[in-house]
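Peer 1: Take a look at the letters that make up each chain.
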Amino acid sequence: MADRRPRGGEVVLEIKGLHASAGGAAILKGIDLAVRAGEVHAVMGPNGSGKSTLAGALAGRPAVEITAGELLFEGEPLAGLAPEERARRGIFLAFQYPVEIPGVTNAYFMKAALNALRRHRGEEELDAMDFLALARQKVSLVDMDEKLLNRAVNEGFSGGEKKRNEVLQMLLLEPRFAILDETDSGLDIDALRIVANGVNALRSPRRAMIVITHYQRLLEYIVPDFVHVLVDGQIAHSGGKELALELEQKGYGWLEVAPAGAGAAS
Amino acid sequence: MSALEAARDHYLGQLAALRTSLGEGPAWLAALREEARETFAAEGFPHPRLEEWRYTNLAGLAKLRLELAPPGPARVSEAELEGLAFPLFACSNTTFVDGRFAPELSVPRTLAGELRVESLAELRARAPERLEPHLGRVASLKQHPFASLNTAFLDDGAALVVPPGATAVQPAHVVFLASREGVQHPRVLLVAGAGSRVSLIQDHVSLPAAAGFTNSLTEVLAGPGAQVDLVLVQREGAGNFHVSNLQVRQERDSRVAVHTLSLGGRLVRNDAVAVLADEGAELALRGLFVGGGSQLVDNHTLVDHAMPRGTSRELYKGILGGRARGVFRGRVVVRPDAQRTDAWQSNPNVLLSDGAEVDSKPQLEIYADDVRCSHGSSIGRLDDDALFYLRTRGIAEPAAREILTLGFAAEILLALPAPALGEALSELLGERLRGLSADPEGAA
Chain B
128 MADRRPRGGE VVLEIKGLHA SAGGAAILKG IDLAVRAGEV HAVMGPNGSG KSTLAGALAG
188 RPAVEITAGE LLFEGEPLAG LAPEERARRG IFLAFQYPVE IPGVTNAYFM KAALNALRRH
248 RGEEELDAMD FLALARQKVS LVDMDEKLLN RAVNEGFSGG EKKRNEVLQM LLLEPRFAIL
308 DETDSGLDID ALRIVANGVN ALRSPRRAMI VITHYQRLLE YIVPDFVHVL VDGQIAHSGG
368 KELALELEQK GYGWLEVAPA GAGAAS
Chain U
123 MSALEAARDH YLGQLAALRT SLGEGPAWLA ALREEARETF AAEGFPHPRL EEWRYTNLAG
183 LAKLRLELAP PGPARVSEAE LEGLAFPLFA CSNTTFVDGR FAPELSVPRT LAGELRVESL
243 AELRARAPER LEPHLGRVAS LKQHPFASLN TAFLDDGAAL VVPPGATAVQ PAHVVFLASR
303 EGVQHPRVLL VAGAGSRVSL IQDHVSLPAA AGFTNSLTEV LAGPGAQVDL VLVQREGAGN
363 FHVSNLQVRQ ERDSRVAVHT LSLGGRLVRN DAVAVLADEG AELALRGLFV GGGSQLVDNH
423 TLVDHAMPRG TSRELYKGIL GGRARGVFRG RVVVRPDAQR TDAWQSNPNV LLSDGAEVDS
483 KPQLEIYADD VRCSHGSSIG RLDDDALFYL RTRGIAEPAA REILTLGFAA EILLALPAPA
543 LGEALSELLG ERLRGLSADP EGAA
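In order, the protein sequence lines correspond to chains B and U.
Counting in my numbering, the first sequence runs from 128 upward without gaps.
Counting in my numbering, the second sequence runs from 123 upward without gaps.
FYI, nobody ran anything at the bench for these hints, they're computed from the structure.
Misleading hints may appear alongside valid ones.
What the hints assert, rightly or not - Per the computed footprint, the stretches of chain B lying under chain U, defined by three or more beta-carbons under 8 Å from a beta-carbon of chain U, are:
#, stretch
1, 208-214
2, 223-237
To be verified - From chain U, some residues computed to sit far from chain B (all C-beta separations above 12 Å):
#, residue
3, Leu140
4, Gly182
5, Glu254
6, Arg259
7, Gln265
8, Arg319
9, Ala406
10, Glu479
11, Ala490
12, Arg556
Said to hold, decoys possible - Chain B residues, not near chain U, derived (Cβ > 10 Å throughout):
#, residue
13, Lys143
14, Ala152
15, Gly157
16, Asp159
17, Glu192
18, Asp257
19, Arg263
20, Gly283
21, Tyr342
22, Val350
23, Asp352
24, Ser365
25, Gly366
26, Trp381
27, Leu382
Glycine included, each C-beta is placed from N, C-alpha and C at the ideal position.
Please work from the sequences and hints to get the whole structure.
Peer 2: Here is the structure:
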């Protein structure tokens, strides 16, 4: 069902017959999807359809258990890879609910993350000065208050600041493949535009993205190549960017593949 | 005879042999020592049946027949000491090796005017009248038996008597180094005159081969309006027994902050007693204790609000791995006269392993009616969501755990009086945590 018209890039991520459960409940019930270099795929769907579980499965969230199927990143299976190993290969998850970490400054955290990736790539680590110079440059792209670099990670940040902070990390780490999990939720239109600009700054023929969203609104700013609708753990429909508009008008009801997944978690 | 009785007799025997050499000096000091000896002889080593000692089993210590260091200069090289020094941290330095002042290893910078840390042994020989009004006046010998044991052996130690109004421009760093297997009774006297300001770092370290018993007693008198920062750093090796006794007396409107960092040792017992003896005194007691292997860190505090308008803030944070055990017993007493007291106490703990344990018991005893008091404690693990978050950014799990644990400790480290000290201790804590995770089951 998934639309697989190639845009010319090689397949970065391939999901084959993915079944996954969380907290003992089956959430994902057979997902097939291929994301090629240069593409942005939007994944939409009602609450509880499995969008965040899909994000968790890709990033290696321990609470998400893959029960069947396969995830291939750059042709290699992700199964058994720790979250940090996935990150080092170039996978990035922008969290729906960024975690607050008291006592750890944002700058320290991001420098540790960037240097972990640089070490993995055999590059020299950045010292505090070089890191700060780089961070400042990226901070301006997301129109974030520079002072937030010296605050504890996400602690006391507003909803918008937290999301900008996610995009800032993405800009610093420059992943090959990014999953944005409802990065638009809780943002006003200005913040949404800024976050989208940050994301668009990273679009390139080499990179690929999955943008998970509940609303069509974000897709006016991050224009996807494909839109997939997730209903009860399966892709119920795939199409081009115009599908998002259709969903906005008609809702999700017409797409349901099965009786609404009672008890399903997002 | 029980092991505890045998240990008492061992130390009493040492005292009897020492009497001639310790007998030098003024009569008041001899009387103080004798009173202490009698108290210790009567009480002996505390038995684990005593409520205050139920977690601190001293059987292992009692079995050791530890001796005092022989007289004569210390046999520690500057290079050995250098290896233990805090990096980035230059200030006046007064070093004691196995309890005795080591001038050749000290950097006697003045702190303000002529003010500097002095050796108690030198001072009692040269100007005992400067010690007489203070030494042994704050510490209660009955507070626990180790206070009397320390005082019975009172010989050398650090004295810092700050004249009224003086402001020490840099912290005084006092190092107590254990260089050999043996016992030492470090003593610190800190007197802050009216309106003075002073910071003192009391740093307990050991050479790798040293194992033994450190029985320290620190007396602090904060005069009216004085501001005192005291940092107790315990970073002795994994074979050391460390008993730390701190007794503080605060006069009117004085401000005292104590930072106790227990980062080493085999058994650490911290007792801190602070009496807010006059109106408007402010006290902060901050502690960070880290245990691994089969270590015990046992913290007992008593904040005694005796007079009105006192403020106390107490925060002890515990980090325990392996099969280590941590204890926090914090008592806050608000006496009938202590109206408008504001007291707060908190003891959050994080356990890094299944085998680690914490017993936390905050305790408020309030006898006044117009007061604001609260307390709490918690025991938890590192947050799984935070761990996952860091790992999705490429940070390996052990490093992620270390970052979160250091984050937990940061509140204590950031409150230290010298930022460089906080950085150095953060490094030290990082090393300690890597040691803990290398030995998750506490096999060592």
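Peer 1: State for each hint whether it applies.
Peer 2: Consistency of the hints with the structure:
1. 208-214: Result for this restraint: holds, n = 5.
2. 223-237: Three-residue rule met by the stretch 223-237 of chain B, so holds; n is 10.
3. Leu140: 48 Å, holds
4. Gly182: Check passes; 34 Å lies beyond 12 Å.
5. Glu254: 45 Å, holds
6. Arg259: The assertion about arginine 259 of chain U holds, with a minimum of 39 Å to chain B.
7. Gln265: Non-interface label on glutamine 265 of chain U holds, nearest chain B Cβ at 34 Å vs cutoff 12 Å.
8. Arg319: Fine: 28 Å to the nearest Cβ keeps arginine 319 of chain U off the interface.
9. Ala406: About 18 Å separates alanine 406 of chain U from the closest Cβ of chain B, which puts it past 12 Å; holds.
10. Glu479: Label holds. Min Cβ-Cβ 23 Å, cutoff 12 Å.
11. Ala490: Alanine 490 of chain U is indeed farther than 12 Å from all Cβ atoms of chain B, at 34 Å.
12. Arg556: 15 Å, holds
13. Lys143: 23 Å, holds
14. Ala152: 18 Å, holds
15. Gly157: It holds; glycine 157 of chain B is separated from chain U by about 25 Å at its closest Cβ, greater than 10 Å.
16. Asp159: With a cut-off of 10 Å, aspartate 159 of chain B remains clear of chain U, as the shortest Cβ separation is near 24 Å.
17. Glu192: Non-interface label stands for glutamate 192 of chain B: nearest chain U Cβ at 14 Å, farther than 10 Å.
18. Asp257: Given that every Cβ of chain U is farther than 10 Å from that of aspartate 257 of chain B, nearest at about 18 Å, it holds.
19. Arg263: 19 Å, holds
20. Gly283: 14 Å, holds
21. Tyr342: The assertion about tyrosine 342 of chain B holds, with a minimum of 24 Å to chain U.
22. Val350: 26 Å, holds
23. Asp352: Label holds. Min Cβ-Cβ 25 Å, cutoff 10 Å.
24. Ser365: 27 Å, holds
25. Gly366: Its Cβ never comes within 10 Å of chain U, the nearest being 30 Å, so this holds.
26. Trp381: Fine: 35 Å to the nearest Cβ keeps tryptophan 381 of chain B off the interface.
27. Leu382: Per Cβ check, leucine 382 of chain B is outside 10 Å of chain U; nearest 30 Å; holds.
In summary, this structure violates none of the numbered hints.
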